[in-house]
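K.L.:
Between the sequences and the hints, there should be enough to build the whole structure, so can you do that?
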Amino acid sequence: MKRYSVFALARNALRFGPGWPALWRSPDPKASYDAVIVGGGGHGLATACYLASEHGITNVAVLEKGWIGGGNTGRNTTIVRSNYLWDDAAALYEKSLQLFEGLSQALNFNVMFSQRGVFNLGHSVHEMRDIARRVNANRLNGIDGRLVGADELARLLPILNVSARGRYPVLGASFQPRGGVARHDAVAWGLARAADARGVDIIQNCEVTGIRRERGRVAGVETTRGYIRARKVGLVAAGHSSVLASMADVRLPIESHPLQALVSEPMKPVLDTVVMSNAVHAYISQSDKGELVVGAGIDSWNGYGQRGSFGTVEGALAAIVEMFPIFSRVRMLRHWAGIVDTTPDACPIIGETPVRGLFVNCGWGTGGFKATPGSGWVLAHTMATGEPHPLNAPFALNRFVTGRLVDEHGAAGVAH
Amino acid sequence: MLLIECPWCGPRDESEFSYGGEAHIVRPPEPDRLTDEEWADYLFMRKNPRGRHLEQWCHAHGCRQWFNAERDTVTSEIVRIYRVE
Ligand SMILES: Cc1cc2nc3c(=O)[nH]c(=O)nc-3n(C[C@H](O)[C@H](O)[C@H](O)COP(=O)(O)OP(=O)(O)OC[C@H]3O[C@@H](n4cnc5c(N)ncnc54)[C@H](O)[C@@H]3O)c2cc1C
Ligand SMILES: [Zn+2]
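Chains D and H supply the protein sequences, listed in that same order.
Residue 152 in the working numbering sits at position 133 of the first sequence, with consecutive numbering throughout.
Residue 11 in the working numbering sits at position 2 of the second sequence, with consecutive numbering throughout.
Hints in this document: simulated from the structure, not taken from any laboratory.
A few of these clues could be false.
One-sided and incomplete, this derived list gives chain H residues near chain D with beta-carbon spacing under 7 Å [said to hold, decoys possible]:
{"id": "1", "residue": "L12"}
{"id": "2", "residue": "G19"}
{"id": "3", "residue": "E23"}
{"id": "4", "residue": "S24"}
{"id": "5", "residue": "Y28"}
{"id": "6", "residue": "R42"}
{"id": "7", "residue": "E46"}
{"id": "8", "residue": "M54"}
{"id": "9", "residue": "N57"}
{"id": "10", "residue": "H62"}
{"id": "11", "residue": "T82"}
Glycine included, every Cβ here is placed at the ideal spot set by N, Cα and C.
P.N.:
Right under this line is the structure:
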């Protein structure tokens, strides 16, 4: 791997030539690997990257049916935070946030992680009590955060409508200063480049169509580019997790829904932080290019079409305009949907399935971008050692049998 | 936006309806005879297919009746509407 540095930049600039190599190779699949990761989103790439760097397992392939980062990784609104309510979830997301803090250095690739802070607004007395409780829980867990009243909000966010007569009156917010946004494509590309440099094969346009088992354990995967043997297979396919798991007769408590987002035309800097509202299903930030990035809530029905209903975005935009009247005449440029994998307790499922050697990492639903490195970290540990990492032990599939759910609807909800 | 044909009221906008998820999940008559796995399967596990899905809808802001639909989860085409037996 050619390292990026100011000297490399200067050398390439002076040579005027095509001095930058491709970020990763595009090899043909081998007949067999020690581990196969299905799904070349951020989570799958991070898993492969850490299998190689932390566990010395380098005979690994990432199989992606389209192009890497073309799923939810490249479709999300990129909010990163760790202020979840329950200890188990908070620990997992905080691990991920810490990895994000060092990710550009670790990958030698600028993922443009910008810790501009995240506000979660409260619109009723009841919601403010929940927010206060969550902030207290966060602080007990060593996670930064504080409660902000409406007066201070008005000072910090002069464009926010905090009038008591608003349709969604703003009573206050939680604020996590270390939260922020990162560049989603860069996260995928940086992880792919680092994984490739350690020997991982990244194979795009390779769809997994079947999972072969022998005596109750996984033997390999059928793909559009032939059969590939592997004793360990990780399914990291977000919205398509149920489809893949069913190939091995594994049932999951997952429903796939469209989740929509939009970006506006680019504008001068106007919003220097991230504002989210769980109650009105809307969240907004401004990208470095100047576009407003707006996310909506999920469409209620199951869907795989990467396209939701207009009423859902209309609702989100109506709420945004109500909270930020200054945006009422902004034109939206692009609009899309991803397919998110929701679970009954709004928490992920990470671990081995009843099929030995077959692992899942899914159920991140509407909020897994922030978890990208942490998710890969714990799945790599689980696949390498055969035992869950302490951080993902509470998130086994078996929790739906034992009843030990981790109900994060309050902190996860639709908002990320 | 989906256009959904309520069996009682006719075609109406999606926003009049609420979604009830997978259809034909029957509550086990004797839950205390089930293993934890079977109970979890009933409570939580879902088919979530890519393609044809049998699902429940309620005309919440209309006649308030429940009915079933067969819908393609990729194209969103509603292939069939049928009553709950
Ligand atoms: C509109 C929107 C906004 C969001 N906003 C946020 C946010 O602000 N903050 C946040 O933290 N999270 C957010 N999320 C959620 C976040 O995007 C996801 O949780 C996260 O990106 C999931 O990453 P992943 O790598 O698991 O999935 P993906 O990036 O979807 O990767 C899965 C990959 O698997 C591939 N695949 C599927 N089936 C097969 C097969 N059979 N064979 C081979 N490959 C296959 C897919 O092509 C895909 O590339 C948002 C999601 C959406 C859609
Ligand atoms: Zn009706």
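K.L.:
For every hint, state whether the structure bears it out.
P.N.:
Verification of the hints:
1. With a cut of 7 Å, the hint placing H:L12 at the interface with chain D is violated, because the nearest CB-to-CB distance is about 11 Å.
2. For the restraint placing H:G19 at the interface with chain D, the shortest Cβ-Cβ distance is roughly 19 Å, beyond the 7 Å limit, so the hint is violated.
3. The restraint placing H:E23 at the interface with chain D holds, with a minimum CB-CB distance near 6 Å, inside the 7 Å limit.
4. With its C-beta approaching chain D no nearer than about 5 Å, H:S24 sits inside the 7 Å limit, and its interface hint holds.
5. Taking 7 Å as the C-beta contact cut-off toward chain D, the hint placing H:Y28 at the interface holds, the least distance being around 4 Å.
6. A cut of 7 Å between beta carbons decides the hint on H:R42: the least distance to chain D is about 16 Å, and the hint is violated.
7. Given hint, H:E46 at the interface with chain D, holds; its Cβ is 6 Å from that chain's nearest Cβ, closer than 7 Å.
8. With a least beta-carbon distance of about 4 Å to chain D, the hint placing H:M54 at the interface is held under the 7 Å criterion.
9. A hinted interface residue such as H:N57 counts as satisfied when its beta carbon comes closer than 7 Å to some beta carbon of chain D; here the least separation is about 4 Å, so the hint holds.
10. Among the interface hints, the one on H:H62 holds; its C-beta lies about 6 Å from the nearest C-beta in chain D, closer than the 7 Å criterion.
11. Annotation: H:T82 was flagged as interfacial toward chain D, and the flag holds, the nearest CB pair being 5 Å apart, inside 7 Å.
Taken one by one, the earlier hints fail for this structure at numbers 1, 2, 6, listed in ascending order.
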